[in-house]
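Chain residues, written in single-letter form:
Number of protein chains: 2
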Amino acid sequence: MIKVVAKNFVKEGQTELFLERINDLIVETLKEEGCMSYELFQDVKDPTIFTMIEEWESTFHLTNHMNSPHFKQVVPTLGELTSKEGEINVYTPVK
Amino acid sequence: MIKVVAKNFVKEGQTELFLERINDLIVETLKEEGCMSYELFQDVKDPTIFTMIEEWESTFHLTNHMNSPHFKQVVPTLGELTSKEGEINVYTPVK
Chain A
1 MIKVVAKNFV KEGQTELFLE RINDLIVETL KEEGCMSYEL FQDVKDPTIF TMIEEWESTF
61 HLTNHMNSPH FKQVVPTLGE LTSKEGEINV YTPVK
Chain B
1 MIKVVAKNFV KEGQTELFLE RINDLIVETL KEEGCMSYEL FQDVKDPTIF TMIEEWESTF
61 HLTNHMNSPH FKQVVPTLGE LTSKEGEINV YTPVK
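Sequences listed follow chains A and B, in order.
UniProt numbering numbers the first residue of the first sequence as 1 and each following residue consecutively.
UniProt numbering numbers the first residue of the second sequence as 1 and each following residue consecutively.
The hints are simulated quantities; they were obtained by calculation from the structure and are not laboratory data.
Just so you know, these numbers come straight off a predicted model, no measurement behind them.
The reader is advised that the hints may include incorrect statements.
Chain B is faced by these chain A residues, among others (derived, beta-carbon under 8 Å) [what the hints assert, rightly or not]: (1) L62; (2) Y91; (3) V94.
Where chain A lies over chain B, by a calculated footprint (3+ residues, C-beta under 8 Å) [as the list claims (entries may be wrong)]: (4) 36-43; (5) 46-55; (6) 70-81; (7) 86-95.
Beta carbons are placed, not taken as given, at the ideal position from N, Cα and C, and that holds for glycine.
Could you put together the complete structure from these sequences and hints?
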C-alpha cells in the first residue's frame, strides 16, 4: 500500500474555485483501479491548508493516476489558486 | 472525525531507537477510546522522514490522547532523536 499526503496552500478568496476544481479530480479518481481512498481535509488551525490524503494499492496505480487525463487536466490549473508550492510526501507503512 | 498528520525528521543513525520508542506509543495508543487508526509511515524518497497518520473520533479523544501517560512519557523523548522540529497538522474532512 502507498500513502500520499499532498498539502496545498490555497490563496485567500480562492477556496471555492479550488474546491470546485479539485472535486472534479476526486470524482474521477475514486473510479480508478487501485485507488483505496482519496480524501480532502482542511487544517483546523489554518483554513487555507487543504490536504489530500490518498491510499493506493501500489506505485503502479499511483503512477497511472498521475498520468490520467483528469489528473493532467485539473492539477496544472490548481497552481494559480495557491500561494506557494504544495508539499507532497509519498509513504509506505512501517511494519 | 479528526485526522492528524505528524511528520518527524529522524537523525541519521537514530532510526532504530526512534522506532523502538514510538512502537511503545503505538501499542498503547491503539487501545485508547476513540482511536480509529494510528499508523506510522516512512517517506519513500527521504527515509529519515517518519510520519504518523492518525484518525480520532473527535477532538475530545485526541486531547485525551495528548494527555495520556504513554504520550507524556514517550513523545518528549523523541525530540533528541530528530534533526529538527516535527510538523503536525490537525485536519477535518471537507464534505
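Hint check: 8 Å Cβ-Cβ cutoff, L62 (chain A) to chain B: violated (10 Å)
Given coverage of the stretch 36-43 of chain B by chain A, checked by CB-CB distance under 8 Å (3 or more): holds (count 5)
Stated coverage of the stretch 46-55 of chain B by chain A [criterion: 3+ residues, CB within 8 Å]: Since three or more residues must qualify, the claim that chain A covers the stretch 46-55 of chain B holds, with 4 doing so at under 8 Å.
Residue hint Y91 (chain A), partner chain B, criterion CB-CB below 8 Å: holds (3 Å)
Restraint outcome when V94 (chain A) is required to lie within 8 Å of chain B by C-beta distance: Interface hint status for V94 (chain A): holds (4 Å vs cutoff 8 Å).
Coverage of the stretch 70-81 of chain B by chain A (three or more Cβ within 8 Å): Answer violated; 0 residues pass the 8 Å Cβ test.
Coverage assertion for the stretch 86-95 of chain B with respect to chain A, Cβ distance below 8 Å, three residues required: holds (count 6)
When each numbered hint is compared with the structure, violations occur for hints 1, 6.
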